[in-house]
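*Asks:* These are the residues of each chain, in order.
2 protein chains.
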Amino acid sequence: MTQLGTSRPVDAAGAAAIIRGADHIVILCHQKPDGDTLGSGFALLGALRALGKTARIECPDGFPPRYCFMYPGFTGEEQPAFAPELVVAVDIADVQLLGDLRPRYEGRIGLCVDHHPSNTRYAENLLLDTGAAATVESIYCIIQELGVGIDYRMAVCIYTGLATDTGCFRYSNTTARTHILAAEMMRTGIDSYRINKMMFETKSVARMELERRVMDTLEYHYDHRMVITVMTRRAIAETGVPEEDMEGIAAVPRQIEGVDVAVMLQQKEERRWRVSMRSSEHVNSSAACARLGGGGHARAAGCTLEGTLEEVKARLVEELRTELTPV
Amino acid sequence: MTQLGTSRPVDAAGAAAIIRGADHIVILCHQKPDGDTLGSGFALLGALRALGKTARIECPDGFPPRYCFMYPGFTGEEQPAFAPELVVAVDIADVQLLGDLRPRYEGRIGLCVDHHPSNTRYAENLLLDTGAAATVESIYCIIQELGVGIDYRMAVCIYTGLATDTGCFRYSNTTARTHILAAEMMRTGIDSYRINKMMFETKSVARMELERRVMDTLEYHYDHRMVITVMTRRAIAETGVPEEDMEGIAAVPRQIEGVDVAVMLQQKEERRWRVSMRSSEHVNSSAACARLGGGGHARAAGCTLEGTLEEVKARLVEELRTELTPV
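Residue numbers (my numbering), protein chains in the order written: chain A, 1 to 327; chain B, 1 to 327.
Think of the hints as simulated: they come from the structure by calculation, not from any bench.
There may be inaccurate statements among the hints.
Which copy is meant is left open, so a pair is good if it fits within one copy or across any two.
[What the hints assert, rightly or not] Cross-link-like lysine to aspartate or glutamate pairs, in silico, EDC-like; alpha carbons within 20 angstroms at most: (1) K203 - D216; (2) K197 - D260; (3) K268 - E247; (4) K197 - E257; (5) K197 - E247; (6) K53 - E78; (7) K197 - E244; (8) K32 - E58; (9) K313 - E269; (10) K32 - E106; (11) K197 - E281; (12) K313 - E270; (13) K268 - D245; (14) K203 - E257.
Given only the sequences and the hints, what does the whole structure look like? Please build it.
*Replies:* Okay, structure coming up:
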């Protein structure tokens, strides 16, 4: 656990004032970048350039091709080099998420814009709106305060941040404000259908094959209330799916009617298994995984277990007996 | 093809005036009812009752348990019997969709509220908004014109219609107006997360098993641009999935990156196959299926072929050669 710092809380007007006071600005995105950190970063970059500021954007893991529609033609290499007057971190809850950029920027972040309740207050100034579904909601407010009109490119970024952080307006973090902002962005003429198709309905051939192989291992326990799936090293090797493309596979069986716990065992070494547990509101994954030496959230947690596949499965089934046996 | 009738076009104020003039009203939903026809029907029913009118709702296929959160406690049997002064059809493009109710109501429908461009103008008065993502958008406007406040129950119905007809705000029919209305509904305190979980993230054990078995048959052609899946009579019988729970299985492989045509063969008899074709914007399914004696839309079409599985597959691969061979 990182110790909490002492950021000065600011609102959108305060954040805009800080930005207005600097001419050379660096924007930072978090490692394993997602639609919200990239959408926030590129929308803000567009606004800074519209204001005539010298700005660049950095991400410890670079800029994935998956999101390139947000930054057409951008490679990261054509950006200006300069000593920043202001460093702005977007959607970054902790300096640890700066990865390789941490040594360069830690202690030098003038403003953080975020929506994670777990924000460790590492920045000098912090705009933290935990009621926002996505950081782009706050970025939008800042751009408004800066007096810059939202153009088509910014709207693509902001919409993408909203859609990806809410599972396309499905998750419980979605609010009336989220929909209002989505409507606002759509009025600029963006093709939300195309964005959502790319973000939610496109799987690589390899990912589809891995998902199929994982689903073939599906087994039920406790009258279909618990399911176990297995992702072996062999399936991973044979399909060639990179780690970053495995997201969400563990959660697939949770959508089966009546399932309260979906457990996926990912083989790390011959006898070492990474356990991903996803649960409904009836089971506390965090508590179950904590008993096995892991941790996480109530609905999504994990731990690592050693043994043969059958041993590990038996241990998990046993561990969930109390939760899943009718009283 | 049903011949086009000659409805009088009305707007929301006109529709509200017609409704205000009647005290005994029947609302009709279409067969194979979905979230939009049921959401429209029950939201309107709530408004009519709030106005003190005597009203009932009818659907040729009854009211599926899947949507019971829109009508808690409702069985359809407790409804008043009366001779209607006004019959209102919601989300019904053609009288054919009245199924068993057709003989009773054909020629007696005073008002139709719909958004399908294919509406056959069978009703005396027609509120047709083809720019609406769902019929509930027009129902909302009518309720506003009637001066009835949208309560929690109506909001659940209207939100469900919006979400189900847009694939949770993904499809290209989603507009800024759709999001504004969703925001409005969320302000009544509805649990949109729970609704979306039930509508989009819940599959029966049998459906999941059938999907798995269909995906196990997946084969690629034309450098992964075409995929074929097979749903045998045996898979259907062994999993016990009813026809109405098979929706969307044919479209699953279309989300694979680079796939332009996804074809699913559903075995109807030993040598008789129902072909469901789903395509990207690069292939016209309607044209391809028309050449095989079928038809449909550009992105979703179908036909029926006779032969062994291998013969039928070969014929389909051959039929798409022109579309899928690089020039």
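*Asks:* Compare the structure with each hint and give your call.
*Replies:* Results for each hint:
1. K203 - D216: both (18 angstroms within a copy, 16 angstroms between copies)
2. K197 - D260: between (29 angstroms within a copy, 13 angstroms between copies)
3. K268 - E247: within (16 angstroms within a copy, 37 angstroms between copies)
4. K197 - E257: Only across copies: K197 and E257 sit 11 angstroms apart there, 26 angstroms inside one copy, limit 20 angstroms.
5. K197 - E247: both (17 angstroms within a copy, 19 angstroms between copies)
6. K53 - E78: For K53 and E78, only the intra-copy Cα distance (16 angstroms) is at most 20 angstroms; the inter-copy one is 68 angstroms.
7. K197 - E244: Within one copy only: 19 angstroms inside, 25 angstroms across.
8. K32 - E58: Within. Shortest intra-copy distance 12 angstroms satisfies the 20 angstroms Cα cut-off; inter-copy 52 angstroms does not.
9. K313 - E269: within (16 angstroms within a copy, 41 angstroms between copies)
10. K32 - E106: within (18 angstroms within a copy, 59 angstroms between copies)
11. K197 - E281: Answer is between; shortest inter-copy Cα gap is 12 angstroms, intra-copy 29 angstroms.
12. K313 - E270: within (15 angstroms within a copy, 41 angstroms between copies)
13. K268 - D245: Answer is within: at 16 angstroms inside a copy they meet the 20 angstroms cutoff, but 37 angstroms across does not.
14. K203 - E257: For K203 and E257, the Cα distance is within 20 angstroms only across copies (5 angstroms; inside one copy 24 angstroms).
Consistency with the previously given hints is maintained throughout, with no hint failing.
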